[in-house]
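Chains as they are written, first to last, in my numbering: chain A, 13 to 520; chain B, 13 to 520.
Don't read these hints as lab results, they were simulated from the structure.
Be a bit skeptical, because a hint or two may be false.
Each pair may be met inside one copy or between any two copies, as identical chains are not told apart.
[As the list claims (entries may be wrong)] With a straight-line Cα cutoff of 25 Å, these simulated DSS-like cross-link-like pairs (lysine-lysine) come out: (1) 305 to 253; (2) 66 to 511; (3) 265 to 317; (4) 88 to 305; (5) 511 to 496; (6) 88 to 164; (7) 70 to 359; (8) 44 to 164; (9) 44 to 88; (10) 368 to 258; (11) 70 to 434; (12) 44 to 358; (13) 216 to 360; (14) 358 to 372; (15) 400 to 332; (16) 156 to 313; (17) 355 to 44; (18) 248 to 434; (19) 44 to 359; (20) 298 to 358; (21) 164 to 106; (22) 424 to 253; (23) 258 to 216.
Number of protein chains: 2
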Amino acid sequence: MTNDDESSKILMLMAHRGFIWGPSPEIYNPVKGSYEFGPLGKLMKNNLENYIRKLFRKHNFWEVQCPLISPEIVWKASGHVERFFDYIIQCENKDCNNLFRVDTMLEQMGYDLTEINLNELQEFIEKEKIKCPDCEGNLGEVAKQNLMITSKLGFPSSEYILRPETATTTYLTFPRLYNFNRTNLPIFVFQMGYAFRNEISPRKMLLRTREFEQCEGQIFIRPDQELNFEPYEERKNYKIKMWSAKAQEQNDKKSVKITLEKAIEQKIIQKPAYAWLLYLAYDLVKGLNIPEKNIRLRQHKDDEKAHYAHDAWDIEIKSKIYGWTEVCGVHDRGDYDLTRHQKYSKKKQLFVPGVKKGEKIIPHVLEIAFGVGRLFFFALEQAFKFEKERNLLDLHIQITPVPFAVFPLMKKPAELQQISRKIYEDLIENDISAIYDIAGSIGKRYRRTEEIGVRYAFTIDHQSIEDKTVTIRNIEDMSQKRVKIDELIQLATNLLHNKTTFEDIPEI
Amino acid sequence: MTNDDESSKILMLMAHRGFIWGPSPEIYNPVKGSYEFGPLGKLMKNNLENYIRKLFRKHNFWEVQCPLISPEIVWKASGHVERFFDYIIQCENKDCNNLFRVDTMLEQMGYDLTEINLNELQEFIEKEKIKCPDCEGNLGEVAKQNLMITSKLGFPSSEYILRPETATTTYLTFPRLYNFNRTNLPIFVFQMGYAFRNEISPRKMLLRTREFEQCEGQIFIRPDQELNFEPYEERKNYKIKMWSAKAQEQNDKKSVKITLEKAIEQKIIQKPAYAWLLYLAYDLVKGLNIPEKNIRLRQHKDDEKAHYAHDAWDIEIKSKIYGWTEVCGVHDRGDYDLTRHQKYSKKKQLFVPGVKKGEKIIPHVLEIAFGVGRLFFFALEQAFKFEKERNLLDLHIQITPVPFAVFPLMKKPAELQQISRKIYEDLIENDISAIYDIAGSIGKRYRRTEEIGVRYAFTIDHQSIEDKTVTIRNIEDMSQKRVKIDELIQLATNLLHNKTTFEDIPEI
Numbered sequence: 013m014t015n016d017d018e019s020s021k022i023l024m025l026m027a028h029r030g031f032i033w034g035p036s037p038e039i040y041n042p043v044k045g046s047y048e049f050g051p052l053g054k055l056m057k058n059n060l061e062n063y064i065r066k067l068f069r070k071h072n073f074w075e076v077q078c079p080l081i082s083p084e085i086v087w088k089a090s091g092h093v094e095r096f097f098d099y100i101i102q103c104e105n106k107d108c109n110n111l112f113r114v115d116t117m118l119e120q121m122g123y124d125l126t127e128i129n130l131n132e133l134q135e136f137i138e139k140e141k142i143k144c145p146d147c148e149g150n151l152g153e154v155a156k157q158n159l160m161i162t163s164k165l166g167f168p169s170s171e172y173i174l175r176p177e178t179a180t181t182t183y184l185t186f187p188r189l190y191n192f193n194r195t196n197l198p199i200f201v202f203q204m205g206y207a208f209r210n211e212i213s214p215r216k217m218l219l220r221t222r223e224f225e226q227c228e229g230q231i232f233i234r235p236d237q238e239l240n241f242e243p244y245e246e247r248k249n250y251k252i253k254m255w256s257a258k259a260q261e262q263n264d265k266k267s268v269k270i271t272l273e274k275a276i277e278q279k280i281i282q283k284p285a286y287a288w289l290l291y292l293a294y295d296l297v298k299g300l301n302i303p304e305k306n307i308r309l310r311q312h313k314d315d316e317k318a319h320y321a322h323d324a325w326d327i328e329i330k331s332k333i334y335g336w337t338e339v340c341g342v343h344d345r346g347d348y349d350l351t352r353h354q355k356y357s358k359k360k361q362l363f364v365p366g367v368k369k370g371e372k373i374i375p376h377v378l379e380i381a382f383g384v385g386r387l388f389f390f391a392l393e394q395a396f397k398f399e400k401e402r403n404l405l406d407l408h409i410q411i412t413p414v415p416f417a418v419f420p421l422m423k424k425p426a427e428l429q430q431i432s433r434k435i436y437e438d439l440i441e442n443d444i445s446a447i448y449d450i451a452g453s454i455g456k457r458y459r460r461t462e463e464i465g466v467r468y469a470f471t472i473d474h475q476s477i478e479d480k481t482v483t484i485r486n487i488e489d490m491s492q493k494r495v496k497i498d499e500l501i502q503l504a505t506n507l508l509h510n511k512t513t514f515e516d517i518p519e520i
Numbered sequence: 013m014t015n016d017d018e019s020s021k022i023l024m025l026m027a028h029r030g031f032i033w034g035p036s037p038e039i040y041n042p043v044k045g046s047y048e049f050g051p052l053g054k055l056m057k058n059n060l061e062n063y064i065r066k067l068f069r070k071h072n073f074w075e076v077q078c079p080l081i082s083p084e085i086v087w088k089a090s091g092h093v094e095r096f097f098d099y100i101i102q103c104e105n106k107d108c109n110n111l112f113r114v115d116t117m118l119e120q121m122g123y124d125l126t127e128i129n130l131n132e133l134q135e136f137i138e139k140e141k142i143k144c145p146d147c148e149g150n151l152g153e154v155a156k157q158n159l160m161i162t163s164k165l166g167f168p169s170s171e172y173i174l175r176p177e178t179a180t181t182t183y184l185t186f187p188r189l190y191n192f193n194r195t196n197l198p199i200f201v202f203q204m205g206y207a208f209r210n211e212i213s214p215r216k217m218l219l220r221t222r223e224f225e226q227c228e229g230q231i232f233i234r235p236d237q238e239l240n241f242e243p244y245e246e247r248k249n250y251k252i253k254m255w256s257a258k259a260q261e262q263n264d265k266k267s268v269k270i271t272l273e274k275a276i277e278q279k280i281i282q283k284p285a286y287a288w289l290l291y292l293a294y295d296l297v298k299g300l301n302i303p304e305k306n307i308r309l310r311q312h313k314d315d316e317k318a319h320y321a322h323d324a325w326d327i328e329i330k331s332k333i334y335g336w337t338e339v340c341g342v343h344d345r346g347d348y349d350l351t352r353h354q355k356y357s358k359k360k361q362l363f364v365p366g367v368k369k370g371e372k373i374i375p376h377v378l379e380i381a382f383g384v385g386r387l388f389f390f391a392l393e394q395a396f397k398f399e400k401e402r403n404l405l406d407l408h409i410q411i412t413p414v415p416f417a418v419f420p421l422m423k424k425p426a427e428l429q430q431i432s433r434k435i436y437e438d439l440i441e442n443d444i445s446a447i448y449d450i451a452g453s454i455g456k457r458y459r460r461t462e463e464i465g466v467r468y469a470f471t472i473d474h475q476s477i478e479d480k481t482v483t484i485r486n487i488e489d490m491s492q493k494r495v496k497i498d499e500l501i502q503l504a505t506n507l508l509h510n511k512t513t514f515e516d517i518p519e520i
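This is chain A alone, in the form it adopts within the complex:
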């Protein structure tokens, strides 16, 4: 299969097997970049969200949920009204008049964006004599287009903004969180939810859409705590693959696998707390069974950094379809956010005691920002494996839509179905997701379930009636063992929570 063939097949299977449908609404004129999660996609997305929640909770993050719609002052204070824009350019040919996002246009023309200064786009376009990619017409001037989506509400109506990120709405709750945390810092908190951006050209399926979901974790912390951070000590020997701004500038194409401690010694990063957050981001992605060769941390160069960032690294994943793409940003935001909100709101509660007696300081913020849709998309596309006789969806057991299947070998005798049905219902009763299928040959049923990410299939055969055992089949390598029906629920639970492996199951 060529790469293009494989990409098409993956996208086709995502739709046909009920993972992602769209662009939506399919029965009308679809909206660009608008997608639906079908039944299997939604099960997987719920599991992914639970996987993320569990990891954040394990590290003592609280979760909050804030409004999607907020007044303009919030986004003036955050800096988004002034600085949250894309550079756009329009074709001057009246028959075309197409509008382009400048960076995307240049990228598609084959320019290496990492070598272009975004503040000098106009000069670059003139120097290179770049024309409209659609009609070869002359292009107008580079302009800035704010990406926030507004809406009018109330009577008389006022303008509100659909939040372009969750992070800022979390910052607004700081005084409440500080009291909730019994006035202690650091505070660990995350929010998972929608954000909205008026993208110039939605594209690449779930990767660039106008409504999308984020999971953004924040640590409110004092500067002295950033340098003396207990969780870091436990993880400082953890290795991550880093591609620093310096390496990028020196045209060094390769990332370096290095411990957090070494990265700090070598001054690639500065702060233990920030280093720990890089570990958290990296570990979350790796834990989804995404091969490490397709993961790296890339540092933002100075001209790439967002207006609030002291330091910024992206987790990038090498997509089978779209190449290296950001899935998570880790940002050292300093005291930018709470200082701005203090200035705009004049609220004293944004100050906290510093280390020196009587000193009042504004807490600093370290942020980890995931795109949930992107993480979903990458976890799914990386899992497709096309073998000679079958399509295997090799998803991590904790995020796969349905980890178990129950099959009676044949429809008759009725006892086969009765035993199977009982096993299926026991699994469901114990919160273990499973499918029950009696349609078609056992081989066909294996093929169907392999394609949607089932990890283990229990098959009930004639021997089951005699000795109360069934076969368990490991979908990955198609190997089989017999297990006792009595021990099946406990076994499934242990497999689901990684407390046992297929290899560890004793032969009976």
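Given the coordinates of chain A, assemble chain B onto it according to the supplied hints.
Below, chain B alone, put in the same frame as chain A:
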């Protein structure tokens, strides 16, 4: 405590204990009807959503997730552009000019809305000589105000609509669902997510807000299947409290507790499939430990029904603070929706085979529509119990934010803390939510945890060091037993999944 005192105390505790904060953003000028879920509120809301998901999944509903933003044609087809409005009226006094939602205004003036025909509001206001409730000025004419919120997106920009309900976006996926379900009916599907309405006057905390979350389940079904519905047979002896339109018209103030079968025999409802959906709605609410005296099903009278409804019943809950309020609507929508979408989209895939050979029909829809925020609010407010010495939050173990607490009796000897910490970490490791607290006397720690819904507290004392047992305290009645540390995880798991009760724990 008077009712008002109790209401204030409940609302105060909801905020102070980290359940609901707002109106948001609190550090700026808050937006009416805009709230945040704090750390405990969010944990509880996640649990509530999982509780709902589990119940729907148990009844073989698939889940989908559709876009929040959709093109106008969708809402023309659904009937919302034409018919989704509130009646409003404005004061003509130029110094006032206040705007009112007519039904709310009349209700607050003490009129019984069930006795007013909504199509004759203008006549009613003139007849009763009603003046502006704020300034006694003359009121203008009754007008219709569409409740949908629009937004402009794209380049050049077009108008889009923030969906006013999830249901319609689920209907649009019918052709996909039908194939996914191997072209079988009925199809059971639900969607849990945001909807947006430009409410004239957001009020009553989470009960009427402009952005809110729904959980709407749909059954796509043939008319013959509505009358011959297997799940109904299993539940026909289930009793629900019904207050029919007829009883309301006859001024009969009381609901009648009756089996589904009797309700059909007496022609209070017509269809077994619809009856089963009433059971599902009722059972979901009752399962949250909301006392049955505070639950009833109320039928819509003809002039109340939405434009799509053949029959409509609301589950109402008697709020401690706001009185009887709808939390769920169950609607027999007939073939209204798919017929409209077929007409507007011209798509053949909205037809399915009927019973007669060669016949093509449009599937019917039965709907169950919950307000998630409302359900959350009612479950929470009903759980507050103020006793002489303590505030108890008596939440169902499956939705309470943190079901377990672990306390070393005292800070020393260090072994007490070591054993406690180990138990706490074991619970977390096994996905069992718990808090660990060493601050203050054991009595104070009990009080603090009772107030936030902890169900069971494990206390580690000197005897624990000797014989590896701890006390488990049932927060509800403050009774205690000793249990073995070795068996604690299994015990907690069983309590959490209702597989054992505190009473069943053997004394050792």
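Check: Quick check: which numbered hints come out false for this structure?
Finding: The structure conflicts with hints 4, 7, 10, 13, 20, 22, 23, although it agrees with all the remaining ones.
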